[in-house]
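Whole structure, please, built from the sequences with the hints as guidance.
Heads up: the sequence lines are chains X and P, in that order.
Under our numbering, the residue at position 178 of the first sequence is numbered 182, and the numbers go up by one with no gaps.
Under our numbering, the residue at position 284 of the second sequence is numbered 362, and the numbers go up by one with no gaps.
Just so you know, these hints were derived from the structure itself, not from any lab.
Keep in mind that a hint or two might mislead.
Not everything, but these chain X residues come out facing chain P in the computed CB check (under 10 Å) [unchecked claim]:
| # | residue |
| --- | --- |
| 1 | F99 |
| 2 | V105 |
| 3 | S172 |
| 4 | A176 |
| 5 | A292 |
| 6 | S296 |
| 7 | V346 |
| 8 | A351 |
Which stretches of chain P does chain X cover? Using the computed rule of at least three CB atoms under 8 Å from a CB of chain X, they are [said to hold, decoys possible]:
| # | segment |
| --- | --- |
| 9 | 187-195 |
| 10 | 353-366 |
A few chain P residues that face chain X, going by a derived Cβ cut-off under 8 Å, partial list only [to be verified]:
| # | residue |
| --- | --- |
| 11 | L206 |
| 12 | P211 |
| 13 | V329 |
| 14 | P376 |
For each residue, glycine too, the CB sits at the ideal point set by N, CA and C.
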Amino acid sequence: MADSDRVEVPPAPEAAAISPHVDSSVVASHRTRRNLGPMIWAALIVFGAGWIAIQVLRNGLGTSGNVPQFIIITLGSVSLAALFFLAAVGLTLIFGLMRVVNMAHGSLYLLGGYCAWALTTKMGVDWWLAALIAMLSVGVLGLVMEQAFLRWNLGQDLRQALITIAISVILADQMLANFGAMPSVLPTPTALAQPFQLGLYNLSYSSFRLFVIGMALAIGLLLWLWIQRTRFGMVIRAGIDDRAMASALGVNVQVVFAIAFFAGSCLAALSGVLGGTMLSLAPGQDVAFLTSSIVVVIIGGMGSLGGAALGAALLAFVETYSGVYLPQNLAPYSMVVTFLLVAAVLAVRPQGLFARAER
Amino acid sequence: MSSYLMARRMAAVVVVGVVVLLPFIFSVYITSAIAVPTLWIGLCAVSLTFLSRYGGMISLAQTGLFGVAGLLTAALMVQAGWDPWAAALIGVLAATGVGLIFGALASSSTGTYFLMITLALAEISYYLFSAVPAFGLHEGINAVFPPAILGDPVLHPTGNYYFLLVICVLVYLFLRYLVRTPFGIALQGVRDDPDRMTSLGFNVRLHRMLIFAVGAAIAGIAGVLSAWNNTRISADSVSLAVTIVVLECAVIGGLFRLEGAWVGALVVTVLTTFGPSFTDRYATAIGIVFLAIVLISPGGLVGIWTWLDGRIRHWLESKPPAAPTPQAAPPPIGGD
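Following this line, the structure appears as structure tokens:
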């Protein structure tokens, strides 16, 4: 053993002289390039937070200051983030597993909302039951869509995306025909109709919005447990990592895909019911929520629950705060801030903040 | 066989003749409501077809770039009183510049992820346009007239029709030329095997960025021409609904051939113009046509035509020798 150590050929002198130098400079330039992105990020976040803090604390901490307004705005953006998360999580689940961008996701969101709206206002069904029926029926619709159109196009990503776009066009027009162009709002369930006393500055806040925040936390936790702690979740994770290998090891991936598509569609419909109660339902909301879900997924990374949560929070905070705290003359340009958020993520980590490196 | 080729050639001559003489054959209404929109929607769709065919990227940002050029040109003309040509030039340059930025952001991804990023970029530009007062909010910018030399786009569309036709032909010829240059060949290499092109020393991201900027310039030209011919443009001219119309044109026509963009634009324009008099749900009808094309023929209508043409020619070619021996093997599927 010692002999074999000794016979090792020493590196040529010039190589020994050059290589450490070259290596260190390459490493250094890589390091600065890799650190530049996070540094810009940190600077932007510090600047944004500082700017907001100045705006909030300008008039002191009293009831006449900006702090109560800040609390309400923050709660608003947290509840919006919860809604974005619930809308995006189905999309990211389906994409992570099947590599299918379900461009009809926004349509399923809106359809879920309209289903519950029709059930509660036209047939007098209880809100909770209506939400359940809407979830299950839209879930079945998603399942039919997957089985009828996507299953036999497995692996043809772009074709599948085009198919779902075509379905979203048809669904959008049918919803316009059946539910009209006027915005409709789902009645708030009676149990959550009373505002909730925050016990701060004498403020009260919509109980339903707090319920949405709770729902997002609960569903996020349940999904996490489902994916991390159950056998089926293990199969899903295996499918996300390597579909072909999971299939070769005897997993019936088609069944897994069908269940994932059903679950993703149910989640879209559930967020539609919540969004229809919290905001409103109107033609165009399908596109708005498809876009927000896609932005969330671009920020967070495909197929990641944590990424969806972080992406939803970042998007909601940026949208709400830039709408309120930008200087008056810049307010119409608040969308630029969202663009900068997306651009910053794409420039630093094109695969999204939480995505695996190979993606 | 030769009679089929003759008929085919005759049909081509008739189509070209109709396109060239269209304003004199059809009414002013057909020219301004069908022919002119077909040309500018087709121009926007051809930028998508071009990116898809030669860059392997299906971009949904084309209408966003279309809006950058159209809205900027309209704002410069109406609010700042610029000369239409100068405003158009600035508009198209701005679209190209924005295209470079979008291309830089999206060029590291491919396939469906690219589709998603471009969709997000398009929607962000739409929400931005609909919030900025200088672009007329949802009301839009009205009274955007084309240069006086082209005439009134609604009452006398002939001048505008020929101008659009010349632009479309020039863009088509330019794209056909571009893909034969070393740059164009490299683009197709990047589309087919990016890893191999990288190891050969090509900058894959730069190539993707540049082809995206070319597409942006074409979409920008379409945006300016649309603003001129509608005499107005608003943020809603670049909403996702319009993005999907452009996508429908490109897909229905066929993503494998540049000509398909105008074929698809013609089908969609005819359906959206005459559809409402038959049914209120013409959008559903277009969606079903779109779905059927995606499911049946990825090459679109042009693909179906190419396939049919190949089958007929094959059949005609194999018929004379096959006639004495009926047991001859059936011809293999020809053309693709």
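Hints versus structure:
For F99(X), the interface hint holds, since its Cβ comes within 10 Å of a Cβ in chain P; the closest pair sits about 8 Å apart. The criterion of a C-beta within 10 Å of any C-beta in chain P is met by V105(X), whose closest approach is roughly 5 Å, and the hint holds. Proximity of S172(X) to chain P holds as hinted, the smallest CB-CB distance being about 8 Å (cut-off 10 Å). For A176(X), the suggested interface contact is upheld, since its CB lies about 8 Å from the closest CB of chain P, less than 10 Å.
Of the supplied interface hints, the one on A292(X) holds, with its beta-carbon coming within about 8 Å of a beta-carbon of chain P, less than 10 Å. Of the supplied interface hints, the one on S296(X) holds, with its beta-carbon coming within about 9 Å of a beta-carbon of chain P, less than 10 Å. Nearest Cβ of chain P to the Cβ of V346(X): about 6 Å, under the 10 Å cut. The hint holds. For A351(X), the interface hint holds, since its Cβ comes within 10 Å of a Cβ in chain P; the closest pair sits about 7 Å apart.
Given a C-beta distance limit of less than 8 Å, the hint that chain X covers the segment 187-195 of chain P holds, as 7 residues qualify and 3 suffice. Residue count for the segment 353-366 of chain P with a Cβ under 8 Å from a Cβ of chain X: 7. That meets the three needed, and the coverage hint holds. This hint holds: L206(P) has a C-beta 4 Å from the nearest C-beta of chain X, less than the 8 Å allowed. Checking P211(P) against chain X: minimum C-beta separation of about 6 Å stays under 8 Å; hint holds.
For V329(P), the shortest C-beta to C-beta distance to chain X is roughly 6 Å, which falls under 8 Å, so the interface hint holds. With a cut of 8 Å, the hint placing P376(P) at the interface with chain X holds, because the nearest CB-to-CB distance is about 7 Å.
Comparing the model with each earlier hint shows no violations; every hint is respected.
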